[in-house]
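Add chain A to chain Y, keeping to what the hints say.
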Amino acid sequence: MVEAVNSSLGKMLLEEVSPVVMVLCTPLVEETFLKNGLSFVETLKPFCNFSNIDVPVRTSGDQLYRLKKFTLRLFNASDIKQPNVEVAKQRLEHVITQAGEKVFHDLESDPPQITDILSNPESEIAPTWFQYYNKELIRTLSFSDHEAFDHPVACLLVASSKDEEPLNKFVDLFNTNRLPSLLNDGVMDPKILKHFLLVHDNQDATTERLTSKVLSEMRSTFGNNECNLLCTNSSKEGNVEHQANPWASFKSSVPAEKLGFALTGDDIGEIKDLMQEFASRHIIPYMEQKVRDLNQQISATRKGLRNQIKNLWWRKGKDDVPDSTKGSIYTFSSTESQIRILGDYAFMLHDYELALSSYRLISTDYKLDKAWKHYAGVQEMMGLAYFISDQSIKEAEYCMENAFSTYMKLGKSGFQNATRCGLWWAEMLKARDQYKEAASVYFRICGEEPLHAAVMLEQASYCFVLTKPAMLHKYGFHLVLSGDHYKICDQVNHAIRTYRSAISVYESTTWSHIKDHVYFHIGQWYAIVGMNDVAVRNMLRVLDCGNQSKSTQEIFLRDFFDIVKKTGMKHEVVGLRLPVINMSSLQVIYEDHRTYASQASALVEESIWQSLEDDIIPSLNSGKSNWLELQSKLLPKKYKESNVCVVGESVKLDLEFRNPLLISTSVTSVSLICELTANSDDLKLDKEPSSLSLETEHNQVTTSGLSSFTLSEVDFTLGGGEKKLVRLTVTPSEEGILKIVGVRWELSGSIVGVHYFQSVPTKAKTNKAKRKNKLTPTDALKFLVIKSLPRLEGSIDHLPDKLYAGDLRYLVLELKNNSESPIKNLKMKISHPRFVNPESHEEELTPGFPDCLKKGPEQNTVQRETSRTSVFAFPKDVSLQGDRSLRWPLWLRAAIPGTMSLYFTIYYEMENVSSIMKYRTLRMHYSLQVLPSLETSFEITPSPSRLQEFLVRMDIVNRANSDAFEIHQLSTVGCRWGISLLQPVDTILPSKSILPGQGLSCFFMIKDCRKPGIEEEKTTSILPSQTDTKLITQDDDEKFFDIVNSPLASFHESERSCHGTSDQLSPNTVDFILISRLAKSSNPSAEQDLLKILSHHSCHNRIRSSIPLSWSLDGPKTMYHDFSTSFCEIKLKMVIRNTSDGFLSVSINTIDGLPDAAAPTPSSGNLSGWRYVPAITEEMKLTSDVMGSRLGKPPPSMESSPPFIWSGSSSTKVQIQPLSTTEIPLQVSVFSPGTYSLSTYELVWELFEHENASSATSGTCQGYPYYITVLQSE
Amino acid sequence: MANTACFIIVGRNDIPIYEAEVGSAPKREDAAQLHQFILHAALDVVQDLAWTTSAMFLKSVDRFNDLVVSVYVTAGHILFNGIKSFFQEVHELYIKVLLNPLYLPGSRITSSHFDTKVRALARKYL
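As given, the protein sequences belong to chains Y and A, one line each in that order.
Taking the numbering used here, I'd label the letters of the first sequence as residues 89 to 1362.
Taking the numbering used here, I'd label the letters of the second sequence as residues 908 to 1033.
Simulated from the structure, these hints should not be mistaken for lab results.
Because the structure is a prediction, the values reported are computed rather than measured.
Here a beta-carbon is modelled for each residue, glycine too, at the ideal position from N, C-alpha and C.
You can take every hint at face value.
Below, a list of computed lysine to any residue pairs in the SDA-like style, where the Cα atoms sit at most 25 Å apart: (1) Y:Lys524 to A:Thr959; (2) Y:Lys556 to A:Ile945; (3) Y:Lys811 to A:Arg1015; (4) Y:Lys524 to A:Leu941; (5) Y:Lys282 to Y:Glu365; (6) Y:Lys524 to A:Asn920; (7) Y:Lys524 to A:Leu974.
Cβ-to-Cβ under 10 Å is the rule here; a few derived chain A residues that face chain Y: (8) Ile915; (9) His942; (10) Ile945.
Looking at chain Y on its own, in the form it has when it is part of the complex:
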């Protein structure tokens, strides 16, 4: 903490509360001094501050002390009056305006950083003109009637030696009529010290003698001590230049070097001596004397208990006097004023103890008198005296507070005093480091007048910076308040200055309203002072004002564009926030060796393509002996690190623009900013052994310029809050290195927004990362442009986007190479071979679709090549060049319902182009929506009667939403199974078409056409026509669809491989193909839809059976036998087939005679209620319900039948290999003619997983009824 005296308030007090000397001079004196550009008072002013006067002083006490610092204030007599309020106001305004002009040039610079502000030393935080302003402000209150320190202590009478009768002049000067009114009307004491000064101008050499004469006359008249001679203007030429001009700081309006040019160093020394003498010899002793006198007088009248009581009594009596605050009831001679004078004199003589005691004495008096203004004045002085004498801080503050509030109570009249009091108070608090309190004091003295308030608020704000810790929020707020006030009184420069400082606080905040407010206003104001470019720079910050109301946004934008127009030029703004660019949406689409057929295919993830292309792209690492060597030959290092694009092929860039505002904005001329540099330099630096093609490039030095690439321009309008994805392209037309640097756009034709894409310094990217095509900013935006290459374009005609499951279409893939150089070695891979199947040769279908699928007259049963690879290689002779296009037929079949993405990739190699790029791929992507259509399921059960025949139940459900289908044909695949319809479908389905949601069951019989027992032999004996059956006949001569030769077969292959590959082609499965078509009546508008054919493939349908074996009993049905000779022996043959994969052991038990009714057959259908449930064990007994019930109810004819017996062995046990057949001979002996049911046998089987397995499942099967009729032979 600074010592009170040395604090700024201390210095201020020393200056402001100091003896006043009234100067009275003749016009000739003024004239003399005006030669120097200064008035008389001004000439003397710099010499009135004595920093080391060293005068011994004794006031009330006996103690002598030495006065070190002392100041005199000189005033012309005419100035000794209360200043006119208006004039004072104008002067203050002038001070501010001047200061504003000074700061004008700083305004263009960037706003200060908050850290800079905080690191500044305290004295530099607030502009220096504040002190000056405060001084001026305090001066507006000088010579007030309730205070005594402005009362003149002495009077300096000055006459010139050129004056006629100078002695009379002196008398005239102190003529009471000419004295200030304050002295005359009794506010101030007119009886003051007088001092006489004769001025001699050395430039008037002639009067020198006269001067000494006048001086001696003066001395005799006014006294020897009171008269002085001052000789000036010693310099004849008047060209003295003062190194440190003492007047410079006092008078700034005239250039400093002009001041005092006629005064030599001696003259100045003389003035200095004169003033020092005047102060030390005359004024101080005079004041000393006066203090002592007054003190004595007051002690006599007021000190002591008696006087106090008397005084109180007397004051009580004056209570009734009204209006004690108004008018000057206290003249200088009143006791109160005398005490006040005593106090002020003591204060000025730095005897603060005496001053305090006098002030204390008088303050109670004033309080009792309710002379509030006087009271406040005294309190104020007390506060200052406490402060400066380093006494109780609390007391000092209390007094100031008291004074301040008392002044405030006086209302308007007291406000100015309150202001001064406040300023002092604030200074006092500042000196004590109580900045926060100081700020609040400044805030309290703001008052109504805006300019005044602005200055005070600004001072308050600086206090907040100085508090520890700095209160930056408050700082900013008060600066903004202050700026607003400055603006109200048109001090725009100051307004900008304060806002500029405030920006440093708010810059990083996210308080949007604040930010918008500050930037918008400072922008406006910069525009007012004509700094349009700075205005624009600030206004730009406001443009992203999405949170403001629509009207505010409109105002912002309107003003912004107004200012921009004023500047009259296009502004290029980096980082314009209107519209906002969503960098995460940035996507670069370019084609190197990968080319894309359409936009959609370019957006597909790279990994999908890569997995698809894995086996068709030649691997770089394979083949050659040294892969390192190979790669470096193929791709110089530089190329590997950057993306590659081809001359003439555009690089596309997708970028999302978002309008942050509620009002719509139109954005025009959006284009990329690119750089294309010839890569020769780069390559030389590389010193890589480059291939031949690169050598040629070296010679073609391309310069960067607009001509080397073309850019697309896009215009669009963004509605409020709208987002738009914009595609921008750049097409290089020369080789080199292309960099996409950023994007530019125009707003209303005058603002050019520029957004540079973040350019992070290239880190060593691994090759892997690059291949993955991760869009790291630099990698993605830097391209190596290589020579023009052929580029294949491809499309698939008429590819439907919506179709039913099973739909079979004929499509054409059209490939085109626009360049002259041919391409070869075309290969294609399709992501879903299940869906798409290329035809093996290029030719148009002769009969047209779908007739081509039908069986021709000649039965061409050549087996298609079934070994399918996933890569389809076009014939070697296919080469594309020029305008020729290649039309390659494709088959499409919607295999499963759902949304499918089909990916095609076509690999091709360039011929005759020696380039770093040997091959390219064309990627095509299509998506299909496959709707569910017919759903089929098959159940195959063995026929009970015939070993080779199976019953098939087909269930069809139409899952489509709206369309009906007609079923056309059901075929079995392969040559093994013949199929026949059990019942015409027309009888079940008269409408002939299956409506949406309708289900249908059909029954078929399939027959194994192979010769039994010979499993491996290929059977071609069956006619192909037997494998198809027509379900609904439209017309009789309609042919079957060929499922062997047509694409249906290959689709079936892929279906097979899709379904259950684990199944090792079990021969016991049947594959069906159901061919259907859309019903004619369902959609009359779309005629061509009728051509649609749907094929439904059902693969690996197993023959379902509960027991692992099937058998049949063969033998004669009817026999003639002569029973008279012997009984009849009939030979039978039982064929047992193992239908399972395991090893089967079967024993045949024959039962003679009728079965007993009490036989323990648990499967009796007559039992109800309780039923024995056998425990599920390994040995599970499987019995056929059907057989059981039959057994329980033998046919009535059997009751009367005489018995027969099974002859031969009663039990035979056989082992049957998996899927093989065994024959067992059986014999029955019949004793009488009749019809017999030979079902009285059972087969007990055990099934093993493999030959030596111990665990087995077993079961018993009852015999089938087999009737044999034996007749008596004739």
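Relative to the frame of chain Y, chain A by itself:
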């Protein structure tokens, strides 16, 4: 009497995470920014006070003309500027927001549910 109030939840680093202009007075264009200014300036005082007291509710910490700033400091030093029971209720709401796993502490609260609740509370208490 028509009153006006501005309620702001301030997160760490003085970042406002929720703002609402509540109160029955007709909206003035400049009210929003004035309120922001005042509340922003009050943060200085709050920062001083928050560490000196254990109370969550700091009554009228700062004032500007006839606008009084009251503050409710949560344990996590998130400030609620704006009156006691109101604060308490909003604090509960705020905790609910914090419990939302999708809410990143310190980010702006955009929940419309939170907004309507706060406004309802403001009507009830202010």
